Amino acid sequence: MLSYCGFKLNSKKRLLQNSFIILFCLSLFGCDALLNANNQSDGVIYCSEGNPTSFNPQLDTSGTTVDASSHQIYDRLLDFDGQTGNVIAGLATSWLISDNGLRYTFQLRKNVEFHQTDYFTPTRAFNVDDVIFSFDRWRLKDSVYHNVSGGAYPYADSLGLGKLIERVERINTYRLEIVLKQPQSSFLSNLATDFAVILSKEYAEQLEQNDQKDLIDRQPIGTGPFKFANFRQDSFIRFKKHNQYWGDSIQTEQLIFDITPSSSLRLAKLITGECDAMGLPAHSELEVVRQSKDLILDEKPGLNVGFWAFNTSKPPFDRPEVRRALSLAIDKNALIEAIYFDSAILAKNIVPPTSWAFQTEQKNISYNPSAAQKLLRENGIEPGFTMSIWAMPVERPYNPNAIKMAELMQGYLQAVGVNVEIVSYEWSTFREKLKQGNHDSVLIGWSADNGDPDNFYRPLLSCGAIKSGTNRAFWCSEEYDALIDQALRFTNNEDRQYFYFKANALIAEQLPLVPIAHASKYQAFRKNLVGFEINPYGGVKLAGVTKE
Amino acid sequence: MLKVILRFFNLVVLTLLALSFFSFILIYLFPGDPLTNLSGIANPNPQQLEILNQTYHRDSAFLIQYWYYLIDLFSGNWGLSVSSGLSLADEVARTLPASIELSTYALILSFIIGLPLGFLAGLRHHKTTDYALLSASVLGYSIPVFWLAMLLILGFSLQLGWFPLSGRISLLYEVPRISGFMFLDIIWSDIDNKSEVILDAFRHLILPTLSIAAFTTTVTLRIMRRSIIETLNSEYIQAAVARGLTSRQIIMKHALKNALMPILPILAMQFTTLLTNAMIVEVIFSWPGIGNWLIQAIYQRDYPAIRVGMLAVSTLVVMFTMTIDLLLRLIDPKKSKVERVAI
Chain A
1 MLSYCGFKLN SKKRLLQNSF IILFCLSLFG CDALLNANNQ SDGVIYCSEG
51 NPTSFNPQLD TSGTTVDASS HQIYDRLLDF DGQTGNVIAG LATSWLISDN
101 GLRYTFQLRK NVEFHQTDYF TPTRAFNVDD VIFSFDRWRL KDSVYHNVSG
151 GAYPYADSLG LGKLIERVER INTYRLEIVL KQPQSSFLSN LATDFAVILS
201 KEYAEQLEQN DQKDLIDRQP IGTGPFKFAN FRQDSFIRFK KHNQYWGDSI
251 QTEQLIFDIT PSSSLRLAKL ITGECDAMGL PAHSELEVVR QSKDLILDEK
301 PGLNVGFWAF NTSKPPFDRP EVRRALSLAI DKNALIEAIY FDSAILAKNI
351 VPPTSWAFQT EQKNISYNPS AAQKLLRENG IEPGFTMSIW AMPVERPYNP
401 NAIKMAELMQ GYLQAVGVNV EIVSYEWSTF REKLKQGNHD SVLIGWSADN
451 GDPDNFYRPL LSCGAIKSGT NRAFWCSEEY DALIDQALRF TNNEDRQYFY
501 FKANALIAEQ LPLVPIAHAS KYQAFRKNLV GFEINPYGGV KLAGVTKE
Chain B
1001 MLKVILRFFN LVVLTLLALS FFSFILIYLF PGDPLTNLSG IANPNPQQLE
1051 ILNQTYHRDS AFLIQYWYYL IDLFSGNWGL SVSSGLSLAD EVARTLPASI
1101 ELSTYALILS FIIGLPLGFL AGLRHHKTTD YALLSASVLG YSIPVFWLAM
1151 LLILGFSLQL GWFPLSGRIS LLYEVPRISG FMFLDIIWSD IDNKSEVILD
1201 AFRHLILPTL SIAAFTTTVT LRIMRRSIIE TLNSEYIQAA VARGLTSRQI
1251 IMKHALKNAL MPILPILAMQ FTTLLTNAMI VEVIFSWPGI GNWLIQAIYQ
1301 RDYPAIRVGM LAVSTLVVMF TMTIDLLLRL IDPKKSKVER VAI
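One line per chain: the protein sequences are A and B, in this order. The numbering of the first sequence is the working numbering, which starts it at 1 and goes up by one. The numbering of the second sequence is the working numbering, which starts it at 1001 and goes up by one.
Bear in mind the hints are in silico, worked out from the structure with no lab data behind them. Since we're looking at a predicted model, the values are computed, not measured. Take these hints with a grain of salt, some might be off.
[Unchecked claim] Here are the computed lysine-lysine pairs in the DSSO-like style, where the Cα-Cα straight-line distance is at most 27 Å:
| no. | chain 1 | residue 1 | chain 2 | residue 2 |
| --- | --- | --- | --- | --- |
| 1 | B | Lys1194 | A | Lys241 |
| 2 | A | Lys240 | B | Lys1194 |
| 3 | A | Lys404 | A | Lys433 |
| 4 | A | Lys502 | A | Lys314 |
| 5 | A | Lys547 | B | Lys1003 |
| 6 | A | Lys300 | A | Lys332 |
Generate coordinates for the entire structure from the input sequences, incorporating the hints supplied.
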């Protein structure tokens, strides 16, 4: 037996030697090509955090939907200048406001082509009919498309735009007039927000004929820099370059959203180069991005506020004293350190310091547990009182980890004799139940879509916003509504400041919600990506982003 | 011969019937409305409700409903996914080939590595080579698949940056789906720069294949080793040595063939283990296969998808196992049962 084993070994050796030589040659030849990604294809991959609910930002205020549609597929009449925040021309080249502030006349851009895709071929360029159709969809209940895809237009509703606009009229093919019921200085800003997109009327008519109306939000047509190609849930969204785009930015051939819900996986893909840019890096991972030599972390102060809202329709939270007592029991500085990793500033009010309505002299409610305890007892809240804190299940720029924050607050409130039950559901269920008002209090927030302070004051606390579901405190004050309405009658910022400062004082006195933090907005991307900048006003903008 | 085929056919039909019945029962066992679990249409309006009740014969007796359920299964009418609204048959047709593809490559790889090494270990029985290979195989045998996958990602993707960590192909390449098997699709498609795309697909394949193949390779190695040892110890080998045949003649003509024959079917059976491991690894590498898809369905409480996915995977496993078993018996009718080899 030994003899043939020895022989076998020799032959095996030779065989092994030969195969090693062959393998070595092969690897020399193939290694370089194999190990270094050499992507010839022209395109940008953006790792996004979730599935959009549709491709129409009119229907949803969720950042995920807005990111995937608003600035990629569509254009608006007006846009924001990313640097100054001023309103600039979009599909409207110029506009006139009548002296009484009621009549807005827009001159529209000519030769703007809609997307040509395998499901739609436009026969005409963009004109005034498309604007009227797009506005009527959310404005008029009897519009053919109003009830398509649910018929809820939360953004327009929370700003009360439907009620504000008296009529939208065609003057000629490229001239449009909008008449308001009362003057509103934030109107132009509202037309530049992510939701005020322009759809194609011709496409809508084609779908109506084929009885496929709901496709308008799933297979979108717009005038934006990219046209929709396909979408696979939990996997990707593919956009192609719109060759006849009117703007002057250089587009890549393809834009892809790689849907990756886990933020650590998004970061991993960014590191390996499978993504060129990612949205919403986790605050705990920012340091990793900063230290990597291939990645760039972009930071801008965000137009947002994270807050703790009390359900003021439920006793005992209907009493301002109780709300004040509870807010005294919380150490906001500690929360910011633990949850935001110092990437946020303490909020004194609902508007961030970058806004002109911010009041520097406003006082912050300091942490004072003994005063809180005293105030609670005075108001008949005995030790052992139990309340619920609802915490968002998802990370948002304004609150990267609501559940952890709720746990910390649980400790603070325990110290003053209040037991806390933390409640969380899957995100869409959470928002649905929140709308029904089952909560005692909730940790949530708001990201503004334009620089106008009305975008904070109205959706968060006005009476009208209770119905549209953005007023989480269910707080309704006629005095407050009158103040923010009056503020809109003036066009001068200093005049408006007067009313907003009064509203600030009212909020500070009544405390329907406790502002916690204004978080910075982050974007991480690879060094070879050019032209990618944070859009402080709402959704991500990928037009003009290219790879070197 | 015919009797064997018939018996197998009966067995397959009965097993599949039992499986389909179980999946039908699941409609009632899952939370929520049975009609939604069946059709995938959540909150149907009254019109839809009426149509659905008719198509699924909901007012008929239980077994009659099952009969129509079977007809639907055969005609490919598997219902819709609750979360995406897509046809489940299409979804399975898209994801299952990706899993099969991954498992097949892993199986081939583990044969290429495992068989020669097992052969070598068997020849060098009780020598250092044998012990070294055996202990290495214990390591490969006991590393959990998902952990190995993560280690590979950590080392080769994040640290060295050699290989991508997610998907089958870079999203920049748009390969139309024809067969569902990536390399075939690339070759058949009319996209530009094919070689570049193939290379990209290959780069995506390496880490997932390695992490699944590790376990099967060690199993293959151990089976092969044991089989060689047994063969070399048998009398006819000793007789051949006594007759003065050279070592090369003995090993190539007698030992190798006789050692391989009994274990081939057992090795083929590894495919089902591979498929299960592949389903775990898919989640880690975001491989768009059936495992990943099923996990998503579970996260999203997509009951119709869970039901159909379970049925599709179990049907595949049953069919594969039975086919191998049948082939084996047809080749060697004397065998009453599959030979087991210790590993």
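Hint check results:
{"no.": "1", "hint": "B:Lys1194 - A:Lys241", "in the structure": "holds (22 Å)"}
{"no.": "2", "hint": "A:Lys240 - B:Lys1194", "in the structure": "holds (21 Å)"}
{"no.": "3", "hint": "A:Lys404 - A:Lys433", "in the structure": "holds (21 Å)"}
{"no.": "4", "hint": "A:Lys502 - A:Lys314", "in the structure": "holds (26 Å)"}
{"no.": "5", "hint": "A:Lys547 - B:Lys1003", "in the structure": "violated (66 Å)"}
{"no.": "6", "hint": "A:Lys300 - A:Lys332", "in the structure": "holds (22 Å)"}
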